[in-house]
Structures are given as structure tokens and as C-alpha cells.
Amino acid sequence: MSVNVEQPAAQPLRAAAFAPGLAFRRFGALIALALLIALNLAITPHFASEQTLSVNLTQICTIVIVGVGMTLVIATGGIDLSVGALMAIAGALAPAFFTGKLFHGGNLYVNIAFSIVVPVAVAGLFGLFNGWLVSRFRIQPIIATLILFIAGRGIAQVWTNGDLQVFKAPQFQAIAIGRVLGVPFQVWIMLVIVVVAAWVLRRTVFGRQVLAIGGNPAAARLAGVPVSRVTCLVYVISGLCSGVAGLIVIAMNSAADANLIGMGMELDAIAAVAVGGTLLSGGKATIFGTLLGAMIIQLVRYTLLANGVPDAAALVAKAVLIVLAVWLQQQELT
Amino acid sequence: MRLRFSGAGGGVVIALLLLIAFGAWRYDGFLGSYNILTVLRYNSMFALVGLGMCFVIMTGGIDLSVGSVAAMSSVVSAYASPYGWVAGLTAGVGAGVAAGSLNGFIISKMRILPFISSLAVMLAASGVGLLLANNQTVSASYASGFTALGQGNLLSAFKPEWVDGDNAGWLGVALGLLFNFPTPAWIALVAYIIGSVVLNQLAFGRHVLAVGGGEEASRLMGLPADRTVFLVYLVSGGFAGLAGVILAAQFGAGQPIEGIGWELFAIASVVVGGTLLTGGKGSVFATLAGVLLLGLIFTILNFENGMGWVSLSAYWQSVVRGAFLFVVVILQTRLTKSAPA
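Each protein sequence line maps, in turn, to chains Z and E.
The opening position of the first sequence corresponds to residue 267 in my numbering, with each subsequent residue numbered one higher.
The opening position of the second sequence corresponds to residue 828 in my numbering, with each subsequent residue numbered one higher.
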């Protein structure tokens, strides 16, 4: 990646250097992904297979879904540290519904509907709590969401008493492992969320307002943007996305473990957003970038693992990748 | 949005005293020297990490890497421990300083947001720790005296016989606290005294607050803003390394997977201590009170369970801590409301 930017900068003709620079700025993440795929096709055995694609896509699904909410939050200049904890809450809550323990709807499918809607709504309510703290009390987002980061997983653990809930509910688990057109259902969920969010961010008034707040909150307020309401709403959306991701995790594992669901997810999601090219100070965001960012991070890890590098070393590579990506974006801005 | 807030340090000390008074009133043995010394021994690691975080936050930054840096340093110091406690200490702190310097370099020279930079250093440090330790805990040497850094009591060699006797009276209790004061707590105490002197008496401390108050303005005033920022991350890494040394010494092993969530616990302590996250204002000893306050919640929970009236699982402690943070944060905004935002 670094070679790719250094080259145009080194050319003597400024006008000629500008065009590739612009191309990189717009498609940098895409180019990096393409290079990674090309590299893998060259060196990783059995890379071009349906299984590789399927493994890598299912690895990034929850990160991307949470990352979409995170992108919107970061676009307003905020951050949401509570996403992993909210995933745990949603994941810990769901089994009580489809097993009919907490509430019996009379019919398996009604129960499953409840087990999807209620946990996601609860996660959304916790998101509302975050949004309320940030927009009403003007508490810094990192602190406001730190509260639920600490307490949220505790709530999930208290709810389940820290026990592992194992279940077998194929109808519920279809949301993760069912296949449509040969593609896992969770990938479809991810794609729908990505497309809808990208459309909302680009084409709707709400999307423009989100970016306006991140760009300059005072100016946005003066321009008549309902700053409090929009700010609050992005945290609700982030909560809802976390809820969906929490359900996918437990459906995949056919077990809910409040101690583990979504552990470290906040950092994975933020990393995907940063690598994808969303400005971390707010005001400029790209949902597809977050998708690409998650893919790049996952593919780097996969490349290393598939070629026999230990997982711990892959962590170091991820760290370098994050710093490099953010640094390159800053070079383009100046 | 610059918030002004005074008296936060006083508030947390009062809250801490109230919590201690509550514990002393409700539970037998709460103020017993055994309990006090156990709490201090265990929380000294968090106190050290919190101290570094306090300096970072006063510049308006954040350091997410402290937990994994402590874990990595615990592994390094465990490897060095057979060569004596000095070697273990130096190696652990050195590893922390190295990670902190890297963080400081990325933030002050490459101009990457502290949040992202320290996130990357967090991943890198935990990767390096796991690689060094081969994904296992690394036994520390007992023979070299290294573990005394975590398990020992610094002055116990000088303790007169009668102090632990049954008829020693209040003087015996007081001297017992002194002579049985855990080594890691001494380390933390000395670190806090130095930290307080540095913040309040030295130019560096003034620079830290000035940079936090307004980095651009302090740069225009000719202050070495970049160097100050670099140094606070170096110091934070060093304290995380020191915490890692104590971790390894206390548990007799380097722990590559410890330290998860330490950074957020440290941030919470600093916030509870009334230090503003926007930077420019803060108190070192209020942070110590914040650490003890959050730590005591765990102790109180244990004592409450011991009473037998209720049975609250250990999971409640994070809920209570979160609720506590919530109350403190809301109170802070209430108290700052009168000032122009």
C-alpha cells in the first residue's frame, strides 16, 4: 500500500501526480483489497474456492453490521464503546424467548419472532440511553458509552447468572446459518444493512444532517439541523445494529455466553471504520468503506494464518495496518 | 465545549470516606488491617495504570493500550526475573516505556488521533506479549526475590516482635499497618507523590495542563507541545509496564492475556476522580481516590455476600461500577451547568 502512494508523489509533474492521487483517495481501500486478493491468488493454496469466500464472509458479518452503526456514530464526531456489551445483552436475552421460557406466544414462529424483535429493541433502548446522555447532557461520547461498556456486559451476565445457555433451535439459527442462493443468510442481512445505510447516508436528509453535525455541530445547529434528535438517533441505530449482530453470534454458535459475545467488538468495528476511510473526527463517512475495511482486515489475517503465521503476529500486522491506513488518509487530506 | 469544574477532587474523597464509613459501620473486619492491606495490594496495579492515564487525559488524550502493555511487560519481566528483581523491574518497565514511546511517536509525530494510535499499540502489544510467551503464562522466579515486588511487605524485616501480639493496642495496629504495608502499595504511593510533585511543581506538569487546555495555543506560546505529548504517553507506558511487573510478581507468572479492560477501568477511575476528559485540569490524588472507590465496590460486594442476607454474584460489580460512573458523570454535568458551556 505504501508503495502505491509514494510513487505518484515522487513524480516530477504535479498535474500528472494529482490524478492518481485522487484515484487512490477515492478507491484506496478498493485498490488495497484488490492487491490483497491478487497476492492471495498467487501465494495461498486453494484460495479461489467457495469455502474461502464463505469463511471470510461469515467472519466479517457481525463486524460489518456493528461497523455500520459505528460509522454513523463516528460520522457525527462520536464513538460507541458499548456495542460489544449490547451484543451480549441481546444475545443473552434471546434464548429466553424462543425456548418459550419467558413468554409463550403459543406458536414456535411467534416465539422466534419475539426472540428476534425484543432483544434487538432492548439493545436499541440501551442505544437510546447512550444517545440521551450524549445529546441531552452533552457528555463526551467516549465516557457516555463507557458506562454501558462496563455495566452492559454485567447486566447480561447477571441475567444469565454467567451461565452458558446451549440450545438447539434450527428455525431461529436460520438467521445465521440458513442459506439463500448458496449464500449464508447472515451475509444477506449484512448486505441489506450496508445498502440501506449507504443509501440513507448519501440520499436522505437524515444522512446529510449526520454529516453536517460531524463537520461542525455549531454550524449545523444554526442551519436548523435538529442536532440533539439526530445525535440521539445514531446511537439508537448503533444499538439496533449491535442487537442484530448479537443474535447472529448466538445463532452461529447455537449457544449464548454472556461472558464472550461481542468481546472486543468495539475495537474491531472502529478499526474497520478507520481502515475504510471514514474520518474519525466526523463529517466524512463511507459505509461501503467500512465494508471494505472489514474485508481488508480479515483478509490480511486470513492471508497470514493460511500461510502459517501465528495469530499473535497477525495482531501486530493488524496494528500496523490501522496506523498505516489512517496515516495515508491524513496525507491525502493535507 | 470547554467545561469548568471545581471541587471534583474534594467530591471523590468525600464519596470514598462515606463508602469506607458505610463499610466500617456495616461489616465486621472491614477496617481490619488484613482487609485494608489486601485491598491496597491488589489495587496498586490499577493505581499505577490510573496515574499514567491521568497525565494522558490531562493533555486531552487517551491511552487504550495500558492493559495489553501491562500484560506484555509482565511476560518480559517474568523472563528477566531469574536475574534478580532489579533485572525484572527494569525489563518490565523498559518494555512499557518502549511501547509508550511508540505510541507517543505515532501521536505526536505522525499526528494520528490518540484513540486510534493507542488502539493499534494495544493490538501490537498484546500480539508481541502472546508471541513472547508462546500463548502461555510464563513462570516468574521465586528464588531471585522478584516475586517480593508483588507479594512482599517492604518493611516487614524491621518489624518488632510485639507489633503482631494480642496486647499491642492501637499503637500496635498502627505500626502493624506500617510494617505490613505491601511493597506494591509502597511503589504506587511513591509514584503518586512523585506524580503530584511533577504536576504541581515542575514545568512539565504546567506544560501538560497547558497542552490539555489548548494544544495550538500552547504551541503558539512557545511551549514544547509535541515533546510534552510524546512524554505523557511514554510515562503512561512506563507505569503500565510497572503495573505489569507487579502483576507478574504478585501472581508469580507473566500473564499475556491479562489486562483486558484495564484501560477502561483506569479511564473510569480518572473520570470519577474529577479529571476532565477534555484535558487542562486534573488531580493526581483524586485519581487515586477514584481507583480505591471503584476497587472498594468489589470488596463491599464480597462483604455483603458474607452477611448472608443477599447473594449478589460477582457480575453485579460491573453493573454497580457502571451505575457509579453514570451518577458521577451526571453530577459533573450538573455542577458545571452554571458555567458558560
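Do not take every clue at face value.
[Claimed, not checked] What follows is a list of derived Cβ distance ranges for each label pair:
| no. | chain 1 | residue 1 | chain 2 | residue 2 | range |
| --- | --- | --- | --- | --- | --- |
| 1 | E | Leu858 | Z | Asn482 | 50 to 56 Å |
| 2 | E | Thr1160 | Z | Arg468 | 47 to 53 Å |
| 3 | Z | Pro576 | E | Phe932 | 23 to 29 Å |
| 4 | Z | Val575 | E | Val1017 | 54 to 60 Å |
| 5 | E | Leu858 | Z | Ala489 | 54 to 60 Å |
| 6 | E | Leu858 | Z | Asp577 | 45 to 51 Å |
In short, the hints are calculated from the structure, not lab data.
Ideal Cβ positions, reconstructed from N, Cα and C, are used throughout, including at glycine.
(request) List in ascending order the numbers of the hints, as given earlier, that are violated by the structure. (result) 2 and 4
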